[in-house]
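Chemist: Take the given structure of chain A and dock chain B to it, following the hints.
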Amino acid sequence: MMHQTKRWFAILIGVVALCGAMTTGAHSDNVLGITVTPGKFEAAMPPGSTYNVPITVTNTSFASTHILTSLADFGLSANGDYQFGKVGTRPYSVLKWAAIKPREFDIPANANQQVQLSLAVPSEQGLNGEYAGVIFFQTRPQRGNRGVFFSARVATKLYVTISGTEKIDGAITKMTSVKAPGGQSFRVTFKDTGNTHVYCRGQLTVQKDGAVVYQVSLADNNLVERGGERVFQALGKTLKPGTYQATATMDYGGRTETGGQINFDVH
Amino acid sequence: MASRALGERDMKLKNIAALALTSAMILSAAPAMAATGTVTVKWNTQKSAAITVFTQTTASQTGGVAPAANDIFYQGNGSLTSLCNGVAVASKDGATNGPYAAGTVNFGNVTPDGGLFTNCLEINAAEAYVTTNDGAGVQVQAAIAGTPVGYNTAANGSLLCIFGDGYATGATPGAATAYTASARVAAISGLSTTACPATGLAVTAANATLVNSTALGTQDLNQDFQLNLGPNSTVGSVTATLTYTVTAN
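Going down the list, the sequences are from chains A and B.
This note's numbering puts the first sequence at residues 1 to 267.
This note's numbering puts the second sequence at residues 1 to 249.
Incorrect hints may appear among the rest.
[Unchecked claim] Estimated spans, in silico, between C-beta atoms of each pair:
| id | chain 1 | residue 1 | chain 2 | residue 2 | range |
| --- | --- | --- | --- | --- | --- |
| 1 | A | Lys237 | B | Thr36 | 53 to 61 Å |
| 2 | B | Gln46 | A | Thr89 | 27 to 35 Å |
| 3 | A | Lys240 | B | Ala198 | 26 to 34 Å |
| 4 | A | His66 | B | Ala154 | 34 to 42 Å |
| 5 | B | Asn232 | A | Pro241 | 48 to 56 Å |
| 6 | B | Pro148 | A | Asn52 | 40 to 48 Å |
| 7 | A | Asp169 | B | Val149 | 45 to 53 Å |
Because the hints were derived from the structure by calculation, they are not lab data.
Cβ coordinates follow ideal geometry from the N, Cα and C atoms, glycine included.
The following block holds chain A by itself, in its conformation from the complex:
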């Protein structure tokens, strides 16, 4: 009787352990997860001032993770893709004035770590407009024998404007139109001629003999960085042969919108 009880107890323990293992297996398979706050930080600072920015990194996965911090300059390609480079490689790098600690740390599951970013804007003359950079928080990749493993890095993007020097300006610098599969393709180039980043919204109107043929959306809250150029593409309906006029208007947050116009022939 005693032996039988022990056997049942052992089986029970075994079943509980198995269930526990299965549960652990299911949950530990959230491979990785991190949250970074702030994901974007904007401030106005006068020359010679300092600012401390606390950044919180949270490990939302079910296992402890190791985080590496790195700093980078960034820009956008003509189609809006981020391009990252070493600090100081871009003319308006804010991170050359930055210090961050800790640079490397462990975070237990469902816990967070505060990172201190210190910015010290030099008091030199001639600073103007906006300076930018990103701080990456990257998980150390899991290791194994074979296959594709994963790592995630989330950025805190920084914009620091020298107080009172910002200038928001932009212009449409080029427009083209070509016949394309499925319709008429339009390319509109917008250049940020101010000294801050802007977000663009725009539309393009096609007219024939003064009558509107159609309108298409050109941009919708699209980012353009300081000094950057961005090409917006739109595909309109197929047009019958003839001469047309395309007018693009772009709202970039300045006092006035910018516009451009071309005449084009469809054969």
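Modeler: Using the frame of chain A, we list chain B on its own:
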């Protein structure tokens, strides 16, 4: 007449004085209390960005379970010798080549052909669940490190391609992207190790954009991975790391 303790009169006088002072305060405060009061409440909601990664998903934010059905598909493009996951038919991640491991996309033993391309597709391979409260949206990019010799080259090469499920890679969504399970039931014929078949995103050492959203909301990016193997692709055990980068716009 009862005797009074020393200081009792002083205490009474002090009480009267305190009472008078309190009354004066109440009277002076009364007009202010009768008027409408305003309290300024301030806070600053910060912008945040987050990513969670799951492998072998079955639903949104549900992964890490050994696949119930075949999830690796083989395309030999006419080859009689090439294999994906050790076989020339559909199979499961982890079924033919060691135990299944969450957090890993493992195509197992792959055998290239001497003259033809081989394509191994794992459906629902990984999900990047990206959230932000930034109204300008977020950009999600992917890059790979630790790739073998010949990766992303034409000669004896290999290349990993990402196919979006329910969205186009490189798209600029103006709204949230919802999780969509893969509808693919076959590997996609890809005859290159420097470019992916249509709609596929070539994953290289340089960041390639998975999506670039322009609005607040979750980008729930379920992905199929396809490995393209060139003829006589370089042999060896590969442990590559795919990094997702999340940057607010």
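Chemist: Determine which of the earlier numbered hints do not hold for this structure and return their numbers in increasing order.
Modeler: none
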